[in-house]
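**Student:** As you go down the protein sequences, you meet chains Y, L and G in turn. For the first sequence, our numbering assigns the number 1 to the initial residue and increments by one for each residue that follows. For the second sequence, our numbering assigns the number 1 to the initial residue and increments by one for each residue that follows. For the third sequence, our numbering assigns the number 1 to the initial residue and increments by one for each residue that follows.
Examples of chain L residues toward chain G, derived with CB under 7 Å: (1) Tyr44; (2) Thr126; (3) Ile130; (4) Asn177; (5) Thr178; (6) Leu179; (7) Ser184.
Read the hints as simulated data drawn from the structure, not as lab findings. Don't be surprised by glycine CBs; every beta carbon is placed ideally from N, CA and C.
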Amino acid sequence: MTDFFEMGGYAGYVWSSYGLATIALLVLLMVSLRGLTKSRRDLAHLETLLKSRRPRRKKAPVRQP
Amino acid sequence: MHRFAKPSVFLKLASAVMPWAIGITVLTLAVGLYLALVVSPADYQQGDTVRIMYIHVPAAWMGLFCYVGMAICGAMSLIWKHPLADIAARATAPIGATFTALCLITGSLWGEPMWGTWWVWDARLTSMLILLFLYLGYMALVNAFDDPERGSKAGSALALVGVINVPIVKFSVDWWNTLHQPASVARMGGPSIDPSMLWPLFLIAVGFTGYYVIVLILRVRLELNERRIRALQLSGIGEDSPGNAQPAYNPEQAGAGK
Amino acid sequence: MSLSRAKSRKRQRLYLIGAALLAAAGAAALGLTAFRDSVVFFFSPTELAEQSPMDTGRRLRIGGLVEEGSLQKLDNGSTVTFTVTDLQHDVQVSYTGILPDLFREGQGVVAEGHMNPKGQFVAQEVLAKHDENYMPREVADALKKSGHWEEIEKKNAKNMRN
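Chain Y on its own, in the form it takes in the complex (with noise of 0.2 Å):
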């Protein structure tokens, strides 16, 4: 076992690539998902702002850009 973990005398350059890589994709499907969750919930705002106008607003209507 603890050869394993020697990695016959290259530990920290082995390991250190293997956390590294888990850190950086970790980090990068985190930041996405973090992302996709606000953006949901800002865009779910803006609908319920959006529906709660549109009687009101009857002479001109949301444009769609």
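Add chains L and G to chain Y, keeping to what the hints say.
**Tutor:** Coordinates of chains L and G only, in the frame set by chain Y:
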């Protein structure tokens, strides 16, 4: 609303693909890592540092693969003005940049013990660093304009010009003499890697591809939402109380807006 | 939209364009550097023999295989001499310092330094260059026994020449 018709097809497809992508990614990475770290043998002269290859090489492949995908999407967005192509290109860039950076860092961690140096300016290493700069340049450029369409035009142009770097990366080790060794897998006469070492390499490459699909879907959804938010804001929704655009940061004001 | 917000967005745009330009300039500069100095990362002993008379002061890199049986330790303990060969021409190299882990006789090597008037290459830095073959020890031993190893070595020497 026809502009969102095609993205809605994509979203349906993405929802169907997502569970498969997650399953394949988790499975191949679990088995691949077990083979890479435990089962596969040490190299006859590089010892256990050869295990860095199982991250380094798939990351390099993904860096190149993502760039080609980004350039194709960029071309589609320039030529056909397909909104989804532009969104896919924007969503791909940070994934490709992450893999390219990982390739460079793990390569450095491998080069120091084996070659005796963290870095040399040979053709392979330099062209790979240029690939990273192309990704970063693309990401900065597409966000540099208020008008997303102008940003995507400029970014697509950069992505297309930069695609010339992809064959340079691949063939740098054949065209010029380099400290980096020639190709071991995609080469004439078949791989020069023992089968016991090829399996973890391929499994992790499949796992990385699955990861790419997952994060791509997440980021395309994110981009689609942000486009819709921008469209609603431009049409005047939520403009009278600017805090509404960020309810996460300003919950009181969001409540007061009603 | 308020004036200050428009201003800060303009500034943000300016920074982003600046960053994009910097990245592009960096890429171009790196490309040019690579073309001028590093596309030819090293010279083989044959190329070195072709460019006579030898300019002794110029810093350059030479690459080749470390000839079997040529590695010698000098008396002071930290200086070594060895022969770099591409199987057509040889260069004598002397080096004081720590050799990389992969440095072995029969293996590829890239040395940076200059020629001295005696025709010896004085290296300031020695890097190991390995080939594209990866295999466990048992497979390597089997190849050596079956006599296929020489093919690999010949191919490696040829790779060093082009």
